[in-house]
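Visitor: Each chain is listed here by its residues.
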Amino acid sequence: MTLIQERPGGPGEPGATGLVAEPLTEIVPGPRPRGVVKFVTSTDHKQIGLNYLVTSFIGFLAAGIMAEVMRTQLIGPNNHLVGPASYNQLVTMHGTVMLFVFGGPFAFGLANYILPLQIGAPDMAFPRFNNLSYWLYLGGFLVMMAGFLTNDGAADFGWFGYAPLTEAIHSPGPGADMWILGIALTGFSGIFTAVNVITTTFTLRAPGMVMFRMPIFVWNELVTLFLVLLAFPVLTAAMALLWCDRHLGTSFYDPAGGGQPILWQNLFWFFGHPEVYILALPYFGVVTEVFATMSKKPVFGYKGMIAATLTIGGLSMGVWAHHMYTTGAVLLPFFAAMTVLIAVPTGIKFFNWIGTMWQGVLTLNTAMLFSLGFLVIFLCGGITGVMLAQPPLDFQLHMTYFVVAHFHYVLVGTTAFGAFASIYYWFPKYTGRLLDEKLGKISFALMFIGTNLTYFPMHDLGLRGMPRRVFTYPVNAGWTFLNELATIGAYILGIGVLFTVINIFHSMRRGQIAGDNPWDGQTLEWATSSPPPEHNFEILPPIRSERPLWDANHPDQLTEVGH
Amino acid sequence: MRLEMRTCFGAALFLGIVCTIYWFWSNEDTGTACLLFSFCAYALMGSYFFLQWKRRKGVPRPEDRDDADMNDGEGEIGYFPAASIWPFGIGLGGIFLAVGLIYGMWYLLIGGVFVVGSIIGFVVEAEAREEGPADPGMPITATGDNPPLTSFQVPSSHSQGA
Numbered sequence: 010m011t012l013i014q015e016r017p018g019g020p021g022e023p024g025a026t027g028l029v030a031e032p033l034t035e036i037v038p039g040p041r042p043r044g045v046v047k048f049v050t051s052t053d054h055k056q057i058g059l060n061y062l063v064t065s066f067i068g069f070l071a072a073g074i075m076a077e078v079m080r081t082q083l084i085g086p087n088n089h090l091v092g093p094a095s096y097n098q099l100v101t102m103h104g105t106v107m108l109f110v111f112g113g114p115f116a117f118g119l120a121n122y123i124l125p126l127q128i129g130a131p132d133m134a135f136p137r138f139n140n141l142s143y144w145l146y147l148g149g150f151l152v153m154m155a156g157f158l159t160n161d162g163a164a165d166f167g168w169f170g171y172a173p174l175t176e177a178i179h180s181p182g183p184g185a186d187m188w189i190l191g192i193a194l195t196g197f198s199g200i201f202t203a204v205n206v207i208t209t210t211f212t213l214r215a216p217g218m219v220m221f222r223m224p225i226f227v228w229n230e231l232v233t234l235f236l237v238l239l240a241f242p243v244l245t246a247a248m249a250l251l252w253c254d255r256h257l258g259t260s261f262y263d264p265a266g267g268g269q270p271i272l273w274q275n276l277f278w279f280f281g282h283p284e285v286y287i288l289a290l291p292y293f294g295v296v297t298e299v300f301a302t303m304s305k306k307p308v309f310g311y312k313g314m315i316a317a318t319l320t321i322g323g324l325s326m327g328v329w330a331h332h333m334y335t336t337g338a339v340l341l342p343f344f345a346a347m348t349v350l351i352a353v354p355t356g357i358k359f360f361n362w363i364g365t366m367w368q369g370v371l372t373l374n375t376a377m378l379f380s381l382g383f384l385v386i387f388l389c390g391g392i393t394g395v396m397l398a399q400p401p402l403d404f405q406l407h408m409t410y411f412v413v414a415h416f417h418y419v420l421v422g423t424t425a426f427g428a429f430a431s432i433y434y435w436f437p438k439y440t441g442r443l444l445d446e447k448l449g450k451i452s453f454a455l456m457f458i459g460t461n462l463t464y465f466p467m468h469d470l471g472l473r474g475m476p477r478r479v480f481t482y483p484v485n486a487g488w489t490f491l492n493e494l495a496t497i498g499a500y501i502l503g504i505g506v507l508f509t510v511i512n513i514f515h516s517m518r519r520g521q522i523a524g525d526n527p528w529d530g531q532t533l534e535w536a537t538s539s540p541p542p543e544h545n546f547e548i549l550p551p552i553r554s555e556r557p558l559w560d561a562n563h564p565d566q567l568t569e570v571g572h
Numbered sequence: 058m059r060l061e062m063r064t065c066f067g068a069a070l071f072l073g074i075v076c077t078i079y080w081f082w083s084n085e086d087t088g089t090a091c092l093l094f095s096f097c098a099y100a101l102m103g104s105y106f107f108l109q110w111k112r113r114k115g116v117p118r119p120e121d122r123d124d125a126d127m128n129d130g131e132g133e134i135g136y137f138p139a140a141s142i143w144p145f146g147i148g149l150g151g152i153f154l155a156v157g158l159i160y161g162m163w164y165l166l167i168g169g170v171f172v173v174g175s176i177i178g179f180v181v182e183a184e185a186r187e188e189g190p191a192d193p194g195m196p197i198t199a200t201g202d203n204p205p206l207t208s209f210q211v212p213s214s215h216s217q218g219a
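So the protein sequences, as listed, match chains A and B. Convert by adding 9 to the 1-based position in the first sequence; the result is the number in this note's numbering. Convert by adding 57 to the 1-based position in the second sequence; the result is the number in this note's numbering.
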């Protein structure tokens, strides 16, 4: 590792004291709420972040149970564990909860907890607004799940709710309305969070924390919430139009009244594809932090990484209709080209991740293993993504299990493995205790094997023509063995997740004490105590590169600036 | 400030170009409208930063200077109430409104009362701080005095000038 040659205010300049610290903040003393009152009223970004993380993890477990039921149903041909109606509800709510309750909000939770710490801010820019986002999010979760309690059951038209199936005449029950309003509530929550995080990043950074010294995780969250700001309003508007169709007799999407079902598809996917990157980019940031810390190196190609993130964010706004190739109503060359182009910045990221680890002193702990698992699984998902971007192939494979395999490789790879990496990496910061490494490694091994065993056979199932969302299949279709494999894999994956859940409960009380900086971290969240005090920092190291804490702790290995 | 401005204008520029190409190539209305509004959103944000930058006459904020000292951030940072019940009230009202849009008028009324009442509470709470006794945790002020460093060993080559 090389030393820095020149940096502003180098040695010899007058006034260089060698002692720089803090914005210590003055806090008015007074009683603070505790317990349930704290949970309800707290405007502390750390409390709200934890609320988000815990709630979204519960959503992950709920949607995971739905997935296990579906896989059990599909273990053999002509199985009748659940009927077609229940299966449709499960498939819809599994997707909806995973996307709107787990994937995005888990990243919002990380943005809430970690992002202000990493930029040296005392709190989020709008603390009360932040609290409001959480309540809208929780309300949305509860409202959409309450659909299961109604007579007709929850929404059952698939998570992208194509018109005219969602119109009142085809889906008369209140479950569909609960789905619409639940998503609208989480949509508002997402927009508010985006406003909050972007403002925080732009205006509350510590002195010296210029944009090009922010950790990659902060950059990725920033770009993610840029996308949220563009995508979620469109979704909420689409939901409002759908509600009007169902209740006020308008016909935006109803061809019987002169509406266009394709309008829904355009609006939904204009949200839906940026959403995929909203689910992926924050976790790219997580694994970047993990790779850098666990390799004891700075991020390789720091500015290239930021450029790649911005490029992915930009391009993702122009690819929505690659979900709609087979409608025959979209501009194929435009969307195919934009989609394939996204592979370029994503490839840059892969090279930079490998470059970060290259010749580093690697620590292969659980967080690192999950990040490596992320790399492998997401790569497979990315490659099938480029395949599906080709219209001739997509026309063959559209709505088959190949697509299911593709997006589960992408989303399990990024969202699930990234989220688990973040749990193992930042749990010491949340609680002051380390998670158990042995349980963690068992959990990783089972999840990695389970993921591949579940989703890899689905590629072949798709090529053999098994359509998505069927609740059963005939004996002579030749799909039985692969489905058995997938179901066994799903059980292994579920057991792997259980190990982490046990680990969390075990380590919360009996885990090894972590100390402030268990990983020899590089970024500012490790410069404060675990868990951090109110308004975060007693003292801050001077910020002269993208890893200020490392520079302060390793004065002989200062970060090279401008690489 | 300038980099924030460039990021937003850059996003707006990109979206504007994509929007133009898409419009002339596809003649499809929905996507064009969405892209146009995306362009406007980022042009708006960029313009805000441009105006702020103009207003500051190009003087960078402490977080925009790569040689800034922590003491440069001295002053009141903002209003950060330690706790507030009003967001919960708005959220609860939001749920009632949602249920009301499905099941009927009465829930809408309850939700409306909750939302409007809580918004009033929310706003009054922020204004009350001007007169009333200090609420715990607000306002946050960065102190200007340097305490002695304890946990970090910072070499002189690594600190900044005056």
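Hints listed in this document are in silico derivations from the structure and should not be mistaken for laboratory results. Since this is a predicted model, take the numbers as computed values, not measurements. Take the hints with a grain of salt, since some may be wrong.
Computed Cβ-Cβ distance ranges for the label pairs, DEER-style [unchecked claim]:
(1) A:Ile511 to B:Lys114: 51 to 61 Å
(2) B:Leu166 to A:Gly44: 45 to 55 Å
(3) A:Asp161 to B:Gln109: 49 to 59 Å
(4) B:Gly174 to A:Ser260: 19 to 29 Å
(5) B:Tyr105 to A:His515: 22 to 32 Å
(6) A:Cys253 to B:Trp80: 50 to 60 Å
(7) B:Phe81 to A:Ile392: 26 to 36 Å
(8) A:Gly44 to B:Val181: 20 to 30 Å
(9) B:Val181 to A:Glu543: 23 to 33 Å
(10) B:Gly174 to A:Thr208: 22 to 32 Å
(11) B:Gly174 to A:Pro401: 53 to 63 Å
Every residue gets a Cβ at the ideal spot worked out from N, C-alpha and C, and that includes glycine.
Visitor: A separate judgement is required for each hint: does it hold in the structure or not?
Guide: Status of the hints after comparison with the structure:
The supplied range of 51 to 61 Å is met by Ile511 (chain A) and Lys114 (chain B), whose beta-carbon atoms lie about 59 Å from each other. Checked against the hint of 45 to 55 Å, the pair Leu166 (chain B) and Gly44 (chain A) fails, with Cβ atoms roughly 32 Å apart. Distance hint for Asp161 (chain A) and Gln109 (chain B): a CB-CB separation of about 53 Å, consistent with the stated range 49 to 59 Å. For Gly174 (chain B) and Ser260 (chain A), the hinted distance range of 19 to 29 Å is not satisfied, since their beta carbons lie about 37 Å from each other.
Checked against the hint of 22 to 32 Å, the pair Tyr105 (chain B) and His515 (chain A) fails, with Cβ atoms roughly 49 Å apart. Take Cys253 (chain A) and Trp80 (chain B): their Cβ atoms lie about 27 Å apart, and the range 50 to 60 Å is violated. As the Cβ distance of Phe81 (chain B) to Ile392 (chain A) is approximately 33 Å, the hint placing it in 26 to 36 Å holds. Between Gly44 (chain A) and Val181 (chain B), the C-beta spacing of about 26 Å keeps the proposed range 20 to 30 Å intact.
Evaluation of the 23 to 33 Å hint for Val181 (chain B) and Glu543 (chain A) yields a pass: the beta carbon distance comes to about 24 Å. Take Gly174 (chain B) and Thr208 (chain A): their Cβ atoms lie about 26 Å apart, and the range 22 to 32 Å holds. For the pair Gly174 (chain B) and Pro401 (chain A), the beta carbons lie near 59 Å from each other, so the given range of 53 to 63 Å is met.
Hints 2, 4, 5 and 6 from the earlier list are contradicted by this structure; the remaining hints agree with it.
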